[in-house]
Amino acid sequence: MTARATPASRSEERLRAFHEEDAIGKAYDGRLLRRLWPVVKPHASYLALSVGVLFVVAGLNLARPIVMGGVVLHAAHHDRSGLLRDGLIFTGLLVSSQLLSFLQMYQMQIVGARAMADLRESVFLFLQRLTLRFFDRTPIGRLVTRVTNDVDALGELFASGVLNAVGDIVSLTAYVVAMLLLDWRMSLIAFAAMPVVLVIVFVVRSRSRRAYRDIRTKTARLNAFLGEQVNGISVVQAYGREAAMQAEFDVINEAYRDANKRSIYYEAFLDAAIEMVATICIASVLFWVALHHQADAAVAFALVVTFSGYIRQFFEPISMLSQRYTILQSAMTGAERIFALLDEGDVEKAVDAAACAPDRSAETDALSLEEVTFAYKPGVPVLREVTLRAARGQRIALVGATGSGKSTVASLLLRLYEVNVGVVRVSGKDVRRWRRSELREQFAVVPQDVFLFPGTLLSNVAMADQVHDRARARAALEGVGAADLFRRRARGGAGDAWLDAPVDERGSNFSAGERQLIAFARALYRDAPMLILDEATASVDSDTEARLQRALDAVLAGRTAVVIAHRLSTIKAADLIVVMHKGRVVEQGTHDELLEKRGFYAKLHQLQFAGGAPPHVDP
37 MTARATPASR SEERLRAFHE EDAIGKAYDG RLLRRLWPVV KPHASYLALS
87 VGVLFVVAGL NLARPIVMGG VVLHAAHHDR SGLLRDGLIF TGLLVSSQLL
137 SFLQMYQMQI VGARAMADLR ESVFLFLQRL TLRFFDRTPI GRLVTRVTND
187 VDALGELFAS GVLNAVGDIV SLTAYVVAML LLDWRMSLIA FAAMPVVLVI
237 VFVVRSRSRR AYRDIRTKTA RLNAFLGEQV NGISVVQAYG REAAMQAEFD
287 VINEAYRDAN KRSIYYEAFL DAAIEMVATI CIASVLFWVA LHHQADAAVA
337 FALVVTFSGY IRQFFEPISM LSQRYTILQS AMTGAERIFA LLDEGDVEKA
387 VDAAACAPDR SAETDALSLE EVTFAYKPGV PVLREVTLRA ARGQRIALVG
437 ATGSGKSTVA SLLLRLYEVN VGVVRVSGKD VRRWRRSELR EQFAVVPQDV
487 FLFPGTLLSN VAMADQVHDR ARARAALEGV GAADLFRRRA RGGAGDAWLD
537 APVDERGSNF SAGERQLIAF ARALYRDAPM LILDEATASV DSDTEARLQR
587 ALDAVLAGRT AVVIAHRLST IKAADLIVVM HKGRVVEQGT HDELLEKRGF
637 YAKLHQLQFA GGAPPHVDP
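In my numbering, each residue's number is its place in the sequence shown (first place is 1) plus 36.
Be aware that one or more of the hints could be misleading.
As the list claims (entries may be wrong) - Keeping only pairs whose Cα atoms sit at most 30 Å apart, straight-line, the calculated DSSO-like set for lysine-lysine is:
(1) Lys639 <-> Lys385
(2) Lys618 <-> Lys639
(3) Lys413 <-> Lys385
(4) Lys639 <-> Lys608
(5) Lys465 <-> Lys77
(6) Lys413 <-> Lys465
(7) Lys608 <-> Lys618
(8) Lys413 <-> Lys618
(9) Lys639 <-> Lys465
(10) Lys618 <-> Lys633
(11) Lys633 <-> Lys608
(12) Lys385 <-> Lys297
Unchecked claim - Label-pair ranges, simulated between beta-carbon atoms:
(13) Arg525 <-> Val416: 41 to 47 Å
(14) Phe162 <-> Val387: 17 to 23 Å
(15) Gly263 <-> Gly128: 17 to 23 Å
(16) Asp540 <-> Asp611: 35 to 41 Å
(17) Gly415 <-> His602: 23 to 29 Å
(18) Arg150 <-> Glu380: 22 to 28 Å
(19) Ala195 <-> Val287: 28 to 34 Å
Worth flagging that the hints you see were computed from the coordinates, not collected in a lab.
The beta carbon of each residue, even a glycine, is placed where N, CA and C say it ideally should be.
Build the full structure now, drawing on both the sequences and the hints.
What follows is the structure in structure tokens.
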């Protein structure tokens with residue numbers, strides 16, 4: 037009998053599916069490395085210098101066992117001059133090798149640091165081109181992981197010297213040749229261990245790849261969960277959900293820990309296995325020398341020292357290759373995620389002339405929607421055949437119940453989403469004909485949920501400009517009647533020093549009303565020909581609202597404004613009130629005209645000002 041999934045388990049599975057990513061499939065490292073090349077190419081001169089030095093270091097390391105064998109032979113024959121000479125040569129080889137290794141690694145990491153900075157910038161710029169639909173369905177923590185953890189993992193290719201694998205392969209080939217020339221029989225003893233090493237590497241590499249891919253997935257889920265908890269900590273505390281959230285975090289954290297433990301196990305196993313094989317090879321060579329080189333002990337001992345040095349150096353590149361392979365798995369897993377994001381096709385479209393309706397530049401309409409139908413999800417329309425117009429300089433108000441589509445109209449005017457059916461025009465021009473930057477320069481937006489960036493009061497008010505105009509910012513704050521408030525809040529100061537008052541993350545050191553005032557000043561500073569006010573006075577008290585209304589009456593003169601409001605008292609003076617219900621326009625007119633109709637608007641007005649139960653209205 038199959039157990040039925042409980043609602044809680046189904047909810048947990050949906051949450052996990054939202055935060056965790058599906059396996060991308062088999063990764064082709066060569067393809068990913070080729071895609072990485074355009075990022076590295078601008079710094080190719082540093083890379084070429086690093087690789088060139090790498091070959092020199094490999095040559096110096098190749099000479100060390102021979103010199104060490106000569107030191108042993110001179111010591112056995114009491115040849116002090118030869119011993120001194122070879123000792124100085126050996127010291128020079130070590131010092132030169134270390135200095136050149138430092139130079140080589142420094143150059144390699146310079147390449148990595150600069151290339152990863154360029155890649156991180158490319159990913160961030162790409163994020164800004166993605167549509168809001170993409171962000172609606174993607175956890176923020178996953179995107180943060182792309183720009184931080186995944187890029188850092190890819191940077192390990194350079195920081196850990198993974199690209200030095202080219203030098204390891206060259207060194208390995210040189211050691212094979214040197215060992216064969218020294219004694220082919222002892223070489224065969226060492227080479228007999230290679231099949232064992234290859235089997236170990238083959239078995240471990242697929243498991244380590246899955247482990248590192250799992251780490252990237254668990255990291256994304258961990259980041260997403262932490263981001264949600266930090267943003268929603270007030271709700272968690274208010275509802276006493278600390279223990280439940282801690283338990284959920286423990287599950288996510290343990291999954292992340294277990295993924296790391298698996299990767300550590302495979303890395304340690306591979307390193308220890310190769311070290312064990314190398315030790316067995318040296319022991320086998322010693323045993324063979326003891327049986328076959330009994331004539332001259334000094335020569336045999338020097339040969340053993342030289343050959344043992346080559347065996348150590350022979351297995352050192354193999355060990356390094358195996359270690360670098362595990363790092364490569366992490367890097368390639370990060371690369372998979374990064375390039376999968378960069379391959380995302382849900383980006384903002386450029387000017388789409390083929391889909392555009394003809395311009396109507398001669399019309400006086402500043403804004404218009406013509407038979408617009410729109411859905412965030414297929415088959416679930418939010419707007420249905422909506423038609424409305426706002427003349428230049430007209431103040432139009434959108435009212436209706438929550439979910440009626442008011443804010444969606446504003447999003448379509450800004451082309452934050454693409455319309456499904458119909459035409460949206462700004463200044464008589466289909467929004468798809470506008471360049472996005474030019475279209476959005478026509479608007480200043482005051483949202484209900486104001487977002488402030490860390491910085492100063494000045495930088496938040498004047499965020500429309502790269503160079504902040506202090507005089508304009510001060511005038512904007514005075515225009516909304518907030519200059520005295522913020523001046524007192526900053527406790528005075530010489531001149532306009534109060535504009536430099538600090539703003540914490542998300543404006544947490546300001547009240548909701550103060551953040552709303554800053555948003556109004558931000559809109560006035562921009563001085564755009566059109567304004568969108570989305571529940572703009574919802575977070576201010578009656579006195580502040582009255583002062584804002586007086587200021588806006590002067591500022592809105594000659595400008596087109598779209599006011600989205602639940603509180604009908606704020607839109608009585610609107611030139612046109614559009615009443616929306618279930619995604620449709622059900623009434624249009626002035627405040628007095630709509631009251632006389634005794635329709636939907638009149639009932640909303642009666643509900644707000646006379647109290648009582650919400651009436652049933654069937655438009």
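Okay, the hints, checked on the actual structure:
no.: 1; hint: Lys639 <-> Lys385; in the structure: violated (42 Å)
no.: 2; hint: Lys618 <-> Lys639; in the structure: holds (16 Å)
no.: 3; hint: Lys413 <-> Lys385; in the structure: holds (19 Å)
no.: 4; hint: Lys639 <-> Lys608; in the structure: holds (15 Å)
no.: 5; hint: Lys465 <-> Lys77; in the structure: violated (43 Å)
no.: 6; hint: Lys413 <-> Lys465; in the structure: holds (27 Å)
no.: 7; hint: Lys608 <-> Lys618; in the structure: holds (22 Å)
no.: 8; hint: Lys413 <-> Lys618; in the structure: holds (15 Å)
no.: 9; hint: Lys639 <-> Lys465; in the structure: violated (36 Å)
no.: 10; hint: Lys618 <-> Lys633; in the structure: holds (20 Å)
no.: 11; hint: Lys633 <-> Lys608; in the structure: holds (15 Å)
no.: 12; hint: Lys385 <-> Lys297; in the structure: violated (44 Å)
no.: 13; hint: Arg525 <-> Val416: 41 to 47 Å; in the structure: holds (45 Å)
no.: 14; hint: Phe162 <-> Val387: 17 to 23 Å; in the structure: holds (19 Å)
no.: 15; hint: Gly263 <-> Gly128: 17 to 23 Å; in the structure: violated (55 Å)
no.: 16; hint: Asp540 <-> Asp611: 35 to 41 Å; in the structure: holds (39 Å)
no.: 17; hint: Gly415 <-> His602: 23 to 29 Å; in the structure: holds (28 Å)
no.: 18; hint: Arg150 <-> Glu380: 22 to 28 Å; in the structure: holds (25 Å)
no.: 19; hint: Ala195 <-> Val287: 28 to 34 Å; in the structure: holds (32 Å)
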